[in-house]
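Number of protein chains: 2
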Amino acid sequence: MSLWFCEFQTPNLELCSRVKKALHTENTGRLELAVLDTYEFGPALVLDGAIQATSCDEFIHHEMITHVPLYTHSHPEDILVMGGGDGGSIREALKHPEVKSIQLLGADQRVVEVSKKYLPEISAGLEDPRVEILYEDGGNYFQGMKGKYDVIIVDSPKFAGLTEGTAQGEFYQSIHTALREDGLFVTPTGSPFFQQDIVQGIHGAIKATFPITRMYLAFIPTHPGGICGFILGSKEYDPLSSLAQKTPIPTRYYTCRLHRTAFVLPRFLEEMLD
Amino acid sequence: MSLWFCEFQTPNLELCSRVKKALHTENTGRLELAVLDTYEFGPALVLDGAIQATSCDEFIHHEMITHVPLYTHSHPEDILVMGGGDGGSIREALKHPEVKSIQLLGADQRVVEVSKKYLPEISAGLEDPRVEILYEDGGNYFQGMKGKYDVIIVDSPKFAGLTEGTAQGEFYQSIHTALREDGLFVTPTGSPFFQQDIVQGIHGAIKATFPITRMYLAFIPTHPGGICGFILGSKEYDPLSSLAQKTPIPTRYYTCRLHRTAFVLPRFLEEMLD
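Here the protein sequences come in this chain order: A and B.
If you use the working numbering, the first sequence closes out at 274, no skipped numbers anywhere.
If you use the working numbering, the second sequence closes out at 274, no skipped numbers anywhere.
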């Protein structure tokens, strides 16, 4: 049998992966959840028809969304991860010896359970005693909260600020308030090739809230166009100048040299964000 | 009608683009040649079922394969382009005022003619008086030639050294001999994600021939995995240190900052090339 999973990366562009086996499929009521064992990328977590992480390339997304902020902050002790129920960014954050606590907020319980079962190499960190999983909606979580976290990692399209207008500004303001005086956060953006209006919107809203706003890029073959853009908003530390001197940690994509150079953008993106 | 063009990027991965219209299709006897007007990327030149260039993203490939070597060399006057019949790298090379002559070798005549007709923005440079098109096979072209070119751009899978073994080493030796004493050349490699053995093979063969061998990367959405790797072999100038001070030229992807940072590789590639 020739079984293929096709994802519409845009209405006019599809990426299709040949599938060995559908390991799990389920409609949780909130989302359509699947784990597909693909020939090219190994087991892939698919939410509502979109690849979230695959065994072969998840390390890139998870390393870049985690180590860039955690190496920028000089003493990242208390971390909040929003979404990211597969646990990949938590696995990476736990490599930093400074980290004392990680709260995972707004993940879908079934995504967590299914990731633990089918993607153990990604989700292993979820069992660590420093990790607390909060199955709350996330929407009102920040109410009344002030200065609680050193680093916030927004690791889910649900929270990635893809909403526009007032809600977007309020979301980044809540994050700003929930961070300590020298806190910083990171979020993936839309596709720098296919969703430039979304990238500009997120960048503008973060820039209106944080004194330091920087975009960086990574090569991720299962993301639309093979590219992922991240935006880092920071109150004090600038990722371009303040790369903390720390013990090296094991990585496969991130290096300290790459930390700086990932912020050097192609001209069309530089001009777009001007 | 819903018309889609699907390219096997690997045997287990397909990228499919919705097509407005097939502007041209032809079997030249040597290859299957098409120009498809796609919704996402505009008109696309397709050779033997693989996208070579599209109106929307060709600037990335052509700028990065041209400006990196031409900014590395202090006085690039005589240039050879191998393959690349669409003319994109010639258009970029002509932006450098030092360039006196460009020879285009081994391009398919029909590719040149069809590109002139359907892709005028890519192929415009082919009419420039500094450009000479040689419709020869390319195989024996280098015989007896010595020290003729400052820069050689290998801009075709046909010449990209995908052959292995002795032929590959001989090809890079011919290029070495055809270059002047301070000459340099560049070639695209296989996919850093899907063809790591090919990348290693090309890198090793160039390293055995040229004292300076450097790999760099660019984001190109229609390439397999969204990434393109290039390898630069040089007799004297190191692209990491000798970035010539020149008049800025208009670009959309390349910048002088990006010139240096494109050589900073993810750890898995660094280790692979060690």
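Some hints could be false.
In this list, chains with the same sequence are indistinguishable; a pair is considered to hold if it fits within one copy or across any two.
To be verified - Capping the alpha-carbon separation at 25 Å, the derived lysine to any residue pairs in SDA-like fashion look like this:
1) K246 - E270
2) K21 - P211
3) K117 - R180
4) K21 - F8
Read the hints as simulated data drawn from the structure, not as lab findings.
Item checked: Status of F8 relative to K21 across identical chains (alpha carbons, at most 25 Å) -> both (20 Å within a copy, 20 Å between copies)
Margin query: Regarding K246 and E270, is the shortest C-alpha distance of 25 Å or less found within a copy, between copies, in both, or in neither?
Written below: between (30 Å within a copy, 21 Å between copies)
Item checked: Status of P211 relative to K21 across identical chains (alpha carbons, at most 25 Å) -> Cα proximity of K21 and P211: none, with 48 Å in one copy and 48 Å across.
Check: What label fits K117 with R180 when the C-alpha limit is 25 Å: within, between, both, or neither?
Finding: Neither, since 35 Å and 60 Å both go past 25 Å.
Hint violations for this structure: numbers 2, 3, all remaining hints satisfied.
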